[in-house]
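Each protein sequence line maps, in turn, to chains S and R.
Numbering follows the numbering used here, with no gaps: position 298 of the first sequence is 298.
Residues are numbered in the numbering used here as their position in the second sequence, beginning at 1, plus a constant of 330.
Hints were generated in silico from the structure; no laboratory data involved.
Errors might be hidden in some of the hints.
What the hints assert, rightly or not - Rough simulated footprint, nothing fancy, chain R against chain S, three-plus residues with beta-carbon under 8 Å:
{"no.": "1", "segment": "68-82"}
{"no.": "2", "segment": "85-94"}
{"no.": "3", "segment": "131-138"}
{"no.": "4", "segment": "180-190"}
{"no.": "5", "segment": "283-296"}
From the three backbone atoms N, C-alpha and C, an ideal C-beta is built for every residue, glycine too.
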Amino acid sequence: MTDLIAQRTAAPIAELDGGRPGGAAPGPGRAAAGKRRRRGPGQSGWWALLFIGPTAAGLLAFYLWPTVRTLILSFTKSGPFGGSEFVGFDNYAELLQDPELIGALRNTAVYTVIVLIGIPLAVGIAALLNTTNLRGRGVYRTLYFIPVVTMPAAIALVWRMIYNGDYGVLNEVLGVVGIDGRSWLTDPNTALVAIAVVGIWAGLGTNIVIFLAGLQGIPDTVMEAADLDGAGPVRKFFSITMPLLSPSIFFVSVISVIGALQVFDLVYMMLGRNNPAMPNTRTIVYLFYQAGFLDNERGYAAAIAFLLLLIILVLTVVQFRLQKKWVHYE
Amino acid sequence: MLHSTRTVAALAASSVALVALAACSSGDAGGGDTGDVTLTYGIWDPNQEPAMEEIAAAFTEEHPDVTVDIQLTPYKEYFTKLQTSVSGGAAPDVFWMNGPNFQLYASNGVLAPLDDASVETSDYPQGLVDLYTFDGSLYGAPKDFDTVGLWYNTELFDAAGVEYPTADWTWADLEAAAAKLTNPATGVYGITASQYGQENFYNSIAQAGGEVISTDGTESGYGSPEALEGIALWTDLIAAGSSPTAQQMTDTNPEDFFLSGKSAMFQNGSWAAVAYAENPDIAEKVNVAPLPAGPEGNQSVIHGIGNVANAKSAHLDVATEFAAFASSEAAAKIQAESGTVIPAFNGTQDTWVKALPQYDLQVYIDALETAVPYPVSKNTAAWTAIESEVLAQVWAGTLTPEAGLQQLADEMQAALDAESE
Numbered sequence: 001m002t003d004l005i006a007q008r009t010a011a012p013i014a015e016l017d018g019g020r021p022g023g024a025a026p027g028p029g030r031a032a033a034g035k036r037r038r039r040g041p042g043q044s045g046w047w048a049l050l051f052i053g054p055t056a057a058g059l060l061a062f063y064l065w066p067t068v069r070t071l072i073l074s075f076t077k078s079g080p081f082g083g084s085e086f087v088g089f090d091n092y093a094e095l096l097q098d099p100e101l102i103g104a105l106r107n108t109a110v111y112t113v114i115v116l117i118g119i120p121l122a123v124g125i126a127a128l129l130n131t132t133n134l135r136g137r138g139v140y141r142t143l144y145f146i147p148v149v150t151m152p153a154a155i156a157l158v159w160r161m162i163y164n165g166d167y168g169v170l171n172e173v174l175g176v177v178g179i180d181g182r183s184w185l186t187d188p189n190t191a192l193v194a195i196a197v198v199g200i201w202a203g204l205g206t207n208i209v210i211f212l213a214g215l216q217g218i219p220d221t222v223m224e225a226a227d228l229d230g231a232g233p234v235r236k237f238f239s240i241t242m243p244l245l246s247p248s249i250f251f252v253s254v255i256s257v258i259g260a261l262q263v264f265d266l267v268y269m270m271l272g273r274n275n276p277a278m279p280n281t282r283t284i285v286y287l288f289y290q291a292g293f294l295d296n297e298r299g300y301a302a303a304i305a306f307l308l309l310l311i312i313l314v315l316t317v318v319q320f321r322l323q324k325k326w327v328h329y330e
Numbered sequence: 331m332l333h334s335t336r337t338v339a340a341l342a343a344s345s346v347a348l349v350a351l352a353a354c355s356s357g358d359a360g361g362g363d364t365g366d367v368t369l370t371y372g373i374w375d376p377n378q379e380p381a382m383e384e385i386a387a388a389f390t391e392e393h394p395d396v397t398v399d400i401q402l403t404p405y406k407e408y409f410t411k412l413q414t415s416v417s418g419g420a421a422p423d424v425f426w427m428n429g430p431n432f433q434l435y436a437s438n439g440v441l442a443p444l445d446d447a448s449v450e451t452s453d454y455p456q457g458l459v460d461l462y463t464f465d466g467s468l469y470g471a472p473k474d475f476d477t478v479g480l481w482y483n484t485e486l487f488d489a490a491g492v493e494y495p496t497a498d499w500t501w502a503d504l505e506a507a508a509a510k511l512t513n514p515a516t517g518v519y520g521i522t523a524s525q526y527g528q529e530n531f532y533n534s535i536a537q538a539g540g541e542v543i544s545t546d547g548t549e550s551g552y553g554s555p556e557a558l559e560g561i562a563l564w565t566d567l568i569a570a571g572s573s574p575t576a577q578q579m580t581d582t583n584p585e586d587f588f589l590s591g592k593s594a595m596f597q598n599g600s601w602a603a604v605a606y607a608e609n610p611d612i613a614e615k616v617n618v619a620p621l622p623a624g625p626e627g628n629q630s631v632i633h634g635i636g637n638v639a640n641a642k643s644a645h646l647d648v649a650t651e652f653a654a655f656a657s658s659e660a661a662a663k664i665q666a667e668s669g670t671v672i673p674a675f676n677g678t679q680d681t682w683v684k685a686l687p688q689y690d691l692q693v694y695i696d697a698l699e700t701a702v703p704y705p706v707s708k709n710t711a712a713w714t715a716i717e718s719e720v721l722a723q724v725w726a727g728t729l730t731p732e733a734g735l736q737q738l739a740d741e742m743q744a745a746l747d748a749e750s751e
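Extracted from the complex, chain S is given alone in its bound form (with noise of 0.2 Å):
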C-alpha cells in the first residue's frame, strides 16, 4: 500500500483529466493522448489491448451493461417477479413530483458539504504527519488509518452506542463540562450532523494518505529554495506547499463529492426504519433502497438512480471545469 501510495505524484491526477471526454478544456496532456488514439493499433496498440482487455471486460459486464439495463429498467414498470411494460418517461416525471425527493436532495447536499470540511482537516493532519521530526509518526499513521480498514457495520454500531441519549460516551463527556446532551441520532436538528461527523471521520484516513503522498512529492529543492529567500514556515505551507498539493486537494474533492453524494449506509446503519429523525437525515440512495427494496418498485428506483448518475456527472464537470481557476500542475 504504502509503496503504491509513494509512488503518487500530481502527474495521474491529469492523466484522470486528459483520459474524461468531456471534462476539462484540451490542455497539452489532452492533445497528445487524443493524437495517440488516433494513430491507430500498431504494435504496440495490440499489446496495449490486451493488457487492458481484463479490465475493459470487467468494466463493460459488471459497469456498463448494468448501466444500460438500469436505463431501460427507469422507462418501465416492473413487476415484482420480473416482466414489465415500458411507460416513456412517467417514473421520471413522478419522481420530479415526490415531496420526499426534494428532503432527499436537500439532506444528501448538507450532508456533501459538512464531509467535505474533512478535506482540510485531512491537509493539516497530513502536514503535521509529515514532519520529519515528529515522533511515532507510523503510530498516528496507523491509528488514523484504521477506520478506513474497519467494517462499516462496526463503525456504525461503535458511533451508535457513542451517540446514545442515555448510556452515551459523548454526553458523559460533555456532563463532565456542564453540557447538556441530548439523543444525537434521533434529534432531526442533529442527526444528519452526527451521522457526517462520523463520515469525515471514517475518510479521513484515505484522504490523509493521499495528501503525505502529495507532500512527499513536492520536491526538496523548492523547499530549499524558499528556506534562502527566508520564507518562514506558514509562508511556506501556503505559497508553495498548498499550490503544488493542489493537484491532490482537486482528486480527493472529486472522490469525496461522489463517495458523499451516494452515502447510504451509515443512514441505513445508524438510524433505522422507526427513527423520527429520518426525514431529516434520508439520503437520495436511501429513497433508491426504499423504493426499490420495500416498495417493490424498481423502475422508479432506476429512475433515481439515473438521476443521482446525473447530479454526480454534472457536479464533476463543473468541478473539471473550476479547476483551471485553482489547481496548478509542475
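Put chain R on the given structure of chain S with help from the hints.
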C-alpha cells in the same frame, strides 16, 4: 494502477446503486421426471434446521424415491434472494413463507394452490388459515404460529408492591400498574411502549375494536376512532412517563430495557420464551400473562410461517405433497419436541407448553381463541414502510396521534389503491 481505479470510480459514478437493480432476468431451470426426485426446501432459521432435516427424512421414508435438499438462507437475505430466484426460475420447490410477503407471491402466480393436497383447514387455527388463503384458495400450509403475551419482571413488581398481571387485566389496570412501577430515582420504567406492530399496536387496535386493514386487504383501518384509541394507549403511556420516550427506544433497543431490569413490562411473542429462559439475567425473574383487555377484549394478532409450493416446480405433485407433509401432525410433533416454535397443528401444542414449565406459556395457546390475523395485503411492504415512518413521528410527539393517523390512513389507502390497479 491505483489512479486508473479511481478514474473508473469517478466515471462509473453511481453504478454501485445501478448494479443492484439490474439483476433481473428470466429463464427456466426446467427438468423432467426421471424416476428419482430431489426436492429443494428453502428455510431461514438455523435453529430449526435439525427439525426440518428430521421432517425431510420422515418424508423420504414414506417416499423412498424422493430426497429433500434443505437450503438455508439467513432471514435478512431470504426474501430478497427468493424474489430474484423466482424471477430467474431457480426458486426452491417448497419454501417457507411469511404473512407480509404471502399475497405478493400468491397474487403473482408464484405459488401452487394446496386445495388438492391433503391439508385439512380445520386442523389449524383459523387466523393462520385466513393468512394463507388468497382468492378463496389455500396456498400455504400453516407450519407454526406465534401470539403475543405480556411479560413482566416479578422482582420489580414485588419491589413496587404491585400485584402481578392477571387474565382479567384491562388497559386501565395496565396504565395504573405502569405508573406505579415507574421510579425515576432508579431509572425503572413501568413498561416499554415501543413502536412495534405485532407486539404492541396491532393488538391494541384490535382490542379497541378497530382493524389495521380490512379483511380483504383493500381498505386502511387507520382512519377509525378505534385505531386512534389503540395507538393512543401507547403514546399516552409515553406521555405519562411510564415508558421510555421514542428517542430513548431508538437509541437503545426497546427489549434491552426489559432485559436489563429497567422496564417492568414488555409485550412479546411466543418466540421470546426460549430466549428468556436461556438468559441468566432474567430467566428467574420473569413470567408471562395474557394481554390486558381493551374495550372489545384482549385479542392478540397471530402470525406464523406457511409451507408453500413453487407453482413452477418441475415436480409439482411431489412438491405440494411435501408442503402438506411438512405441516402435518407428524411434522408438528417433530417440531414440538425440538421446543423452538409452537406447531400450528391443533393438539400438538402441549409439548411446547410443557417444555418450559416455569412460565405460564399456556397463555399463548389460549390466545388462539380470540386471535386476529396479522394485517397483510398484496404488497404489504409498500404500506408498512409508510406506517413505520408516520408512526415514528407520532411516537416522537412531532405529530399528534389524530393528525398522524389521518395522514397514515390517506397515504396507506393510496398505496393500497395502487396495488389493485
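Status of each hint after checking the structure:
For a cut-off of 8 Å, the count of residues in the segment 68-82 of chain S with a CB near a CB of chain R stands at 8, and the three-residue condition holds. By the rule of at least three residues with a Cβ nearer than 8 Å to a Cβ of chain R, the coverage given for the segment 85-94 of chain S is violated, with 0 such residues. Counting residues of the segment 131-138 of chain S whose C-beta lies closer than 8 Å to any C-beta of chain R gives 0; at least three are required, and the coverage claim is violated. Here the segment 180-190 of chain S counts 5 residues with a CB under 8 Å from a CB of chain R, which clears the bar of 3, and the coverage holds.
Counting residues of the segment 283-296 of chain S whose C-beta sits closer than 8 Å to any C-beta of chain R gives 8, which meets the bar of three, so the coverage hint holds.
Hints 2 and 3 from the list above are not met by this structure, while the remaining hints are.
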